[in-house]
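Peer 1: Listed here are the chains, written in short residue letters.
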Amino acid sequence: MMETLFYVAAVIALLATALALTRSNAAHALIYLIVSLLAVAVLFFLMGAPFAAALEIVIYAGAIMVLFVFVIMMLNVGREGVEQEREWLSARNWVVPGVLAGLLLLELLLALRAAPAATSGVTVTPKEVGLTLFGPYVLAVEIASMLLLSGLVGAYHLGRRFIVRREKRR
Amino acid sequence: MGGLQIPMEHVLALAGLLFSCGLMGLMLRRNIIFMLMSLEVMLNAAALAFVAAGAKWGQADGQIIFLLILSVAAAEVAVGLGLVLQIQRRFRTLDMDQARRLRG
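Listed in order, the protein sequences are those of chains A and B. Using this note's numbering, you'd call the opening residue of the first sequence number 762 and step up by one each time. Using this note's numbering, you'd call the opening residue of the second sequence number 5 and step up by one each time.
Just so you know, these hints were derived from the structure itself, not from any lab. Treat the hints loosely; a few may be bogus.
[What the hints assert, rightly or not] Facing chain B, a subset of chain A residues (Cβ under 10 Å, in silico):
{"#": "1", "residue": "Ile820"}
{"#": "2", "residue": "Trp855"}
{"#": "3", "residue": "Thr886"}
{"#": "4", "residue": "Pro887"}
{"#": "5", "residue": "Leu892"}
[As the list claims (entries may be wrong)] Quick list of the computed label-pair ranges, beta carbon to beta carbon:
{"#": "6", "chain 1": "A", "residue 1": "Asn786", "chain 2": "B", "residue 2": "Arg93", "range": "28 to 38 Å"}
{"#": "7", "chain 1": "B", "residue 1": "Arg105", "chain 2": "A", "residue 2": "Glu889", "range": "32 to 42 Å"}
{"#": "8", "chain 1": "A", "residue 1": "Val914", "chain 2": "B", "residue 2": "His14", "range": "36 to 46 Å"}
{"#": "9", "chain 1": "A", "residue 1": "Pro897", "chain 2": "B", "residue 2": "Met100", "range": "17 to 27 Å"}
{"#": "10", "chain 1": "A", "residue 1": "Asn786", "chain 2": "B", "residue 2": "Met31", "range": "31 to 41 Å"}
{"#": "11", "chain 1": "A", "residue 1": "Val860", "chain 2": "B", "residue 2": "Glu13", "range": "21 to 31 Å"}
{"#": "12", "chain 1": "B", "residue 1": "Arg34", "chain 2": "A", "residue 2": "Arg853", "range": "38 to 48 Å"}
{"#": "13", "chain 1": "A", "residue 1": "Gly896", "chain 2": "B", "residue 2": "Arg34", "range": "42 to 52 Å"}
{"#": "14", "chain 1": "B", "residue 1": "Arg104", "chain 2": "A", "residue 2": "Ala815", "range": "35 to 45 Å"}
[To be verified] Over 10 Å on every C-beta distance to chain A, these chain B residues come out as not near it, computed from the model:
{"#": "15", "residue": "Glu13"}
{"#": "16", "residue": "Arg33"}
{"#": "17", "residue": "Glu80"}
{"#": "18", "residue": "Phe95"}
{"#": "19", "residue": "Asp99"}
{"#": "20", "residue": "Met100"}
{"#": "21", "residue": "Gln102"}
{"#": "22", "residue": "Ala103"}
{"#": "23", "residue": "Arg104"}
Ideal Cβ positions, reconstructed from N, Cα and C, are used throughout, including at glycine.
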């Protein structure tokens, strides 16, 4: 049971990744990439890492992909952007990712129904992760915070010049 | 001894395949947005291998490395997308082969 779910999710992950990286349209690729990340989240859940699965969906498929969406939308504004928007709403663009995502939802429901048995032998709970994170790995937390701060400063620096020049041109 | 119910080799093979998908995308595509997406796929494959290893021994360490990879990916994407905006403004294209000069 659990093996079948695992292999189906693995095939979906590979398929969605391959489709994502071969699209010519960035927005279509993004939809497939989100499906691929959802598949990896299901894999995490099946391997007994529910906390990692939740973070994969919230941060990867949520926050990081929204950044990509913002940038793609910023790069094609204007009349041709509206045309593109209309073309994206046609059904053939979202049927395949929708079906793949529906399959993943079905898998998750099946795994939840057979709750303790369907996941891997030992489930590493969020409590355990937190205790380890702020116990022996507290230095890693500090390093991650420094990294995020430098990323924030760098992104602000690059983006601020972009905004200032735009205003000057007007 | 809990561990994984599926063979470890299969999970590692999946992670390797995902990583090579990302690597192929990084080398073959010249659009910078697709190159950033390929980087995300590669980081994600590495995270999958870490979580699988953590699950095999029933330890939390794998998920902690996953958290670190997550913060690396977030920082990388923030800076990378800022660079995308700069490149688009300066070169009027997203083709990385056009942006060869360091001091434009």
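Peer 1: Please go over all the hints and tell whether each is borne out by the structure.
Peer 2: Status of the hints after comparison with the structure:
| no. | hint | result |
| --- | --- | --- |
| 1 | Ile820 | holds, 6 Å |
| 2 | Trp855 | violated, 18 Å |
| 3 | Thr886 | holds, 9 Å |
| 4 | Pro887 | holds, 9 Å |
| 5 | Leu892 | holds, 8 Å |
| 6 | A:Asn786 <-> B:Arg93: 28 to 38 Å | violated, 22 Å |
| 7 | B:Arg105 <-> A:Glu889: 32 to 42 Å | violated, 51 Å |
| 8 | A:Val914 <-> B:His14: 36 to 46 Å | holds, 42 Å |
| 9 | A:Pro897 <-> B:Met100: 17 to 27 Å | violated, 41 Å |
| 10 | A:Asn786 <-> B:Met31: 31 to 41 Å | violated, 20 Å |
| 11 | A:Val860 <-> B:Glu13: 21 to 31 Å | holds, 30 Å |
| 12 | B:Arg34 <-> A:Arg853: 38 to 48 Å | violated, 26 Å |
| 13 | A:Gly896 <-> B:Arg34: 42 to 52 Å | holds, 46 Å |
| 14 | B:Arg104 <-> A:Ala815: 35 to 45 Å | holds, 42 Å |
| 15 | Glu13 | holds, 13 Å |
| 16 | Arg33 | violated, 7 Å |
| 17 | Glu80 | violated, 7 Å |
| 18 | Phe95 | holds, 13 Å |
| 19 | Asp99 | holds, 13 Å |
| 20 | Met100 | holds, 14 Å |
| 21 | Gln102 | holds, 15 Å |
| 22 | Ala103 | holds, 14 Å |
| 23 | Arg104 | holds, 19 Å |
Figure legend: structure checked against the earlier numbered hints; hints not met, in rising order: 2, 6, 7, 9, 10, 12, 16, 17.
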